[in-house]
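Numbering that gives the first Met the number 0 applies: residue 0 is where the sequence shown begins, and numbers increase by one.
The reader is advised that the hints may include incorrect statements.
[Stated by the list, open to error] Below 25 Å or equal to it, Euclidean Cα-Cα: the simulated SDA-like pairs (lysine to any residue) are:
id, residue 1, residue 2
1, 38, 27
2, 38, 24
3, 38, 22
4, 42, 56
5, 80, 35
6, 80, 25
7, 38, 20
8, 42, 20
[Stated by the list, open to error] FRET-style restraints, in silico, Cβ to Cβ:
id, residue 1, residue 2, range
9, 25, 48, 34 to 42 Å
10, 19, 56, 18 to 26 Å
11, 18, 58, 21 to 29 Å
12, 78, 19, 20 to 28 Å
13, 68, 42, 20 to 28 Å
None of these hints come from the bench; they were simulated from the model. Just so we're clear, the structure is a prediction, and the values are computed from it rather than from any experiment. All C-beta atoms in this analysis are idealised placements derived from N, C-alpha and C, irrespective of residue type, glycine included.
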Amino acid sequence: MADDVLETDAEAPEGAELPQAPPIVDRFLFVDIAALRAKQLRKGATPRLRHESGTTPTKAERIAMEEVRQRLVHYDLPAFKSRSTVPQA
0 MADDVLETDA EAPEGAELPQ APPIVDRFLF VDIAALRAKQ LRKGATPRLR
50 HESGTTPTKA ERIAMEEVRQ RLVHYDLPAF KSRSTVPQA
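Given only the sequences and the hints, what does the whole structure look like? Please build it.
Structure, rendered in structure tokens:
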């Protein structure tokens, strides 16, 4: 997966509320999206979590997982290619 799969903070207007992303039901997709988001956070992206109860995580990986859990991270999936379209040798 590439970094451009996730919507970056620069794409959202300042102070704009993004609609919620679709729920993730596949645990492998959850891990991939959270890992990409953690990479963005480590590179300096602004966390999207709100400081509500004072128990906000500090590690990029934990912040990313919570953002994905709260559906704050938008993502695109690549188009599925069926095997029947690949020529047989």
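Consistency of the hints with the structure:
{"no.": "1", "hint": "38 with 27", "in the structure": "holds, 17 Å"}
{"no.": "2", "hint": "38 with 24", "in the structure": "holds, 22 Å"}
{"no.": "3", "hint": "38 with 22", "in the structure": "holds, 21 Å"}
{"no.": "4", "hint": "42 with 56", "in the structure": "holds, 17 Å"}
{"no.": "5", "hint": "80 with 35", "in the structure": "holds, 23 Å"}
{"no.": "6", "hint": "80 with 25", "in the structure": "holds, 19 Å"}
{"no.": "7", "hint": "38 with 20", "in the structure": "holds, 19 Å"}
{"no.": "8", "hint": "42 with 20", "in the structure": "holds, 22 Å"}
{"no.": "9", "hint": "25 with 48: 34 to 42 Å", "in the structure": "violated, 23 Å"}
{"no.": "10", "hint": "19 with 56: 18 to 26 Å", "in the structure": "holds, 20 Å"}
{"no.": "11", "hint": "18 with 58: 21 to 29 Å", "in the structure": "holds, 27 Å"}
{"no.": "12", "hint": "78 with 19: 20 to 28 Å", "in the structure": "holds, 23 Å"}
{"no.": "13", "hint": "68 with 42: 20 to 28 Å", "in the structure": "holds, 21 Å"}
Of the numbered hints listed earlier, the single one contradicted by the structure is hint 9.
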